[in-house]
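**Q** This is what each chain is made of:
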Amino acid sequence: MSSPRTLLAIDKVSKNFGRVTAVDGISLDIRENEFFALLGPSGCGKTTLLRMLAGFETPNDGRILLDGRDIARTPPNKRPVNLMFQSYALFPHMSVRANVSYGLEMERLPAKEIRSRVDAILATTELVAFADRKPEQLSGGQKQRVALARALVKRPRLLLLDEPLGALDKKLRGAMQLELKRLQHEVGITFVIVTHDQEESLVMADRMAVLKDGKLLQCDTPHAVYEHPADRFVADFIGVMNFVPGKATADGVLAADGERIVGTVPSTVVPGAAAVASVRPERIRLFPSEQTANRIAGTVEALAYQGLDLQLHVRTALSPKPFLVRVTADAADRHPVSSGDAVELGWDAADVRIFAD
Amino acid sequence: MVSQIRLRSSLLMAPALAWLTALMVVPCALVLALAFFRRGIYGGIEYTFTLENFGLVFDPLYAGIFLNSARIAGTATLIAVVIGYAAAYAIAAAPRRLQPVFLFFAVLPFWSNYLIRTYAWIVLLNREGLITQLLRWLGYTGEPPSMLYTEGAVIAGLVYNYLPFVILACYAPLSRLNPELAEASRDLGASAMTTFRRVILPLTVPGIAAGAVFVFVLSIGNFVTPALLGGGRFQMIGNLVYDQFLTANDWPFGAALAMTLIAIMLLVLTAQALAADRASGRTAEAKGGADV
Numbered sequence: 001m002s003s004p005r006t007l008l009a010i011d012k013v014s015k016n017f018g019r020v021t022a023v024d025g026i027s028l029d030i031r032e033n034e035f036f037a038l039l040g041p042s043g044c045g046k047t048t049l050l051r052m053l054a055g056f057e058t059p060n061d062g063r064i065l066l067d068g069r070d071i072a073r074t075p076p077n078k079r080p081v082n083l084m085f086q087s088y089a090l091f092p093h094m095s096v097r098a099n100v101s102y103g104l105e106m107e108r109l110p111a112k113e114i115r116s117r118v119d120a121i122l123a124t125t126e127l128v129a130f131a132d133r134k135p136e137q138l139s140g141g142q143k144q145r146v147a148l149a150r151a152l153v154k155r156p157r158l159l160l161l162d163e164p165l166g167a168l169d170k171k172l173r174g175a176m177q178l179e180l181k182r183l184q185h186e187v188g189i190t191f192v193i194v195t196h197d198q199e200e201s202l203v204m205a206d207r208m209a210v211l212k213d214g215k216l217l218q219c220d221t222p223h224a225v226y227e228h229p230a231d232r233f234v235a236d237f238i239g240v241m242n243f244v245p246g247k248a249t250a251d252g253v254l255a256a257d258g259e260r261i262v263g264t265v266p267s268t269v270v271p272g273a274a275a276v277a278s279v280r281p282e283r284i285r286l287f288p289s290e291q292t293a294n295r296i297a298g299t300v301e302a303l304a305y306q307g308l309d310l311q312l313h314v315r316t317a318l319s320p321k322p323f324l325v326r327v328t329a330d331a332a333d334r335h336p337v338s339s340g341d342a343v344e345l346g347w348d349a350a351d352v353r354i355f356a357d
Numbered sequence: 358m359v360s361q362i363r364l365r366s367s368l369l370m371a372p373a374l375a376w377l378t379a380l381m382v383v384p385c386a387l388v389l390a391l392a393f394f395r396r397g398i399y400g401g402i403e404y405t406f407t408l409e410n411f412g413l414v415f416d417p418l419y420a421g422i423f424l425n426s427a428r429i430a431g432t433a434t435l436i437a438v439v440i441g442y443a444a445a446y447a448i449a450a451a452p453r454r455l456q457p458v459f460l461f462f463a464v465l466p467f468w469s470n471y472l473i474r475t476y477a478w479i480v481l482l483n484r485e486g487l488i489t490q491l492l493r494w495l496g497y498t499g500e501p502p503s504m505l506y507t508e509g510a511v512i513a514g515l516v517y518n519y520l521p522f523v524i525l526a527c528y529a530p531l532s533r534l535n536p537e538l539a540e541a542s543r544d545l546g547a548s549a550m551t552t553f554r555r556v557i558l559p560l561t562v563p564g565i566a567a568g569a570v571f572v573f574v575l576s577i578g579n580f581v582t583p584a585l586l587g588g589g590r591f592q593m594i595g596n597l598v599y600d601q602f603l604t605a606n607d608w609p610f611g612a613a614l615a616m617t618l619i620a621i622m623l624l625v626l627t628a629q630a631l632a633a634d635r636a637s638g639r640t641a642e643a644k645g646g647a648d649v
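Sequence lines, in order, name chains A and B. So in the numbering used here, spot 277 of the first sequence is number 277, and the numbers just go up one at a time. In the numbering used here, each residue carries its 1-based index in the second sequence increased by 357.
Because the hints were derived from the structure by calculation, they are not lab data. Quantities reported herein were computed from a predicted structural model and do not represent experimental measurements. For each residue, glycine too, the CB sits at the ideal point set by N, CA and C. It is possible that part of the hints are untrue.
What the hints assert, rightly or not - Here are the computed distance ranges between Cβ atoms for each label pair:
hint	chain 1	residue 1	chain 2	residue 2	range
1	B	363	A	141	39 to 45 Å
2	A	174	B	458	46 to 52 Å
3	B	443	A	41	39 to 45 Å
4	A	131	B	620	39 to 45 Å
5	A	41	B	491	58 to 64 Å
6	B	454	A	271	49 to 55 Å
All chains, please: the whole structure from these sequences, using the hints.
**A** Pasting the structure below:
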């Protein structure tokens, strides 16, 4: 999928604005031809990090190595990196073609080459019919494609995308996620996308970095981040997770009501200390077999059909919040349940993740 | 229903219309009519139709004063636009909460009387004025420079008086400009200078045009500043009109001059309005941003 060669090395980069530390000693490597996502809640420093990669902010500390060369202090017009702005920032007084040509004119390329490269990228982004329009005459999705074409035509080593799908409606966003992936493959350029939408990064990214309060919490493939979150915050932020608070034991967590959740306790969690056991909704089974490591009785409080699967809220003694359970439509047909029913939930020890609380 | 609304809105407009008719349209019509009559032998007006007055406007002597006025107003406009745009740019680039403070100081001179503001320049520029004293203090011992009663003094007075208009007119589009547009230009490889020339300037031209037209129109017809700072040696159209009405007692010729001046102003304003109308499409988009 992605070659192991490192394209961009972010090395202990910090940035503060006055007394506020926006980015706090982040180090991570982005590989050639990778689709990389910077994910985190608002204020986590992801946008500041992106702006440092583009050249609009200078780090207070650390290095940013592109192809081994430190570009931390190179002005934005002198680095082979382009940014697709969240607002798209299309030049309103220029046509689509003029917008896309602008960056190549800055490189002082011959008019003929500019023309052919602009034609090619307009074709790739399906904008040929709109070449002579002004940005105000375009829909949101078309504007987004112009912004993308304008950045891609420069053939940057690295393309940065700041919340690229944020301004689009939900349905279009889904289509554009796949479209962006396809384009990235086609042009063979490394993409770094900033998003607060965890689903977006799970769908699109080859690897992702989860940031919080200016610090890097985890950097791995979406699958690894989803299945093995580094800490409680990541577990909660990515996808949906059920948490059972309690005390760590040698082989699990002792819940407040005396129930034991069996799972592997990581070395960072000391037995006796406060800990949470967690399990994903889709790992929980209704009416589990006798051999299932973790079993608990509960009452169905609410249920919602979501097409392919059924989502249940089950009240148990384990946690103050109801358990979220996702069962497939098949399983739901085999064991029909309705609101108010008493059920038994079960899940394997291997599906339990334990974190310090 | 519809006619009721129409009736109500015309009622609301009535006072303004009455005001404009009584104080603008009627006097202008009177002056216009005046321009087509003959001057009486002992002053006063002889009510016979003539086009002589307008013929006289194009006499080289008077046409020269028109051209001179246009040149002085044009120079003042150019200087005011350069200074005003730079000031507006600096204000728009300042932290958001300081911007109203700076704008307040930019407009502050407006709160004093136009005459007082112009007299202040006499205090500055006269032979024993503040500038001469400053030069003396710096060790200059020669003849005091003659600055007052020059064309430069007139231009300085005009620029000073109308600068706030330019600052306000340029500030509006500059402050609404999405800052990401300049960043996008830099990101695409443009230098700061190219970014200004190809992105910022074209998108703020409507503000420049509005401010420039304001300064030009107010300057070309101005008679107080050339009278006070030009010392009567530099006649502009305003002074000529003033003289015809109050000294030469040739009201018909004064009226013809005034009408020609009004025609020039209307032409400039119409041209600006047409250009602004054409450009309004692109400025609407310039405000853009995340609100798309």
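**Q** Could you run down the list of hints and mark each one as holding or not?
**A** Here's how the hints hold up against the structure:
no., hint, result
1, 363/B to 141/A: 39 to 45 Å, "holds (42 Å)"
2, 174/A to 458/B: 46 to 52 Å, "holds (48 Å)"
3, 443/B to 41/A: 39 to 45 Å, "holds (41 Å)"
4, 131/A to 620/B: 39 to 45 Å, "holds (44 Å)"
5, 41/A to 491/B: 58 to 64 Å, "holds (59 Å)"
6, 454/B to 271/A: 49 to 55 Å, "holds (54 Å)"
This entry satisfies every hint, going by the numbered hints stated previously.
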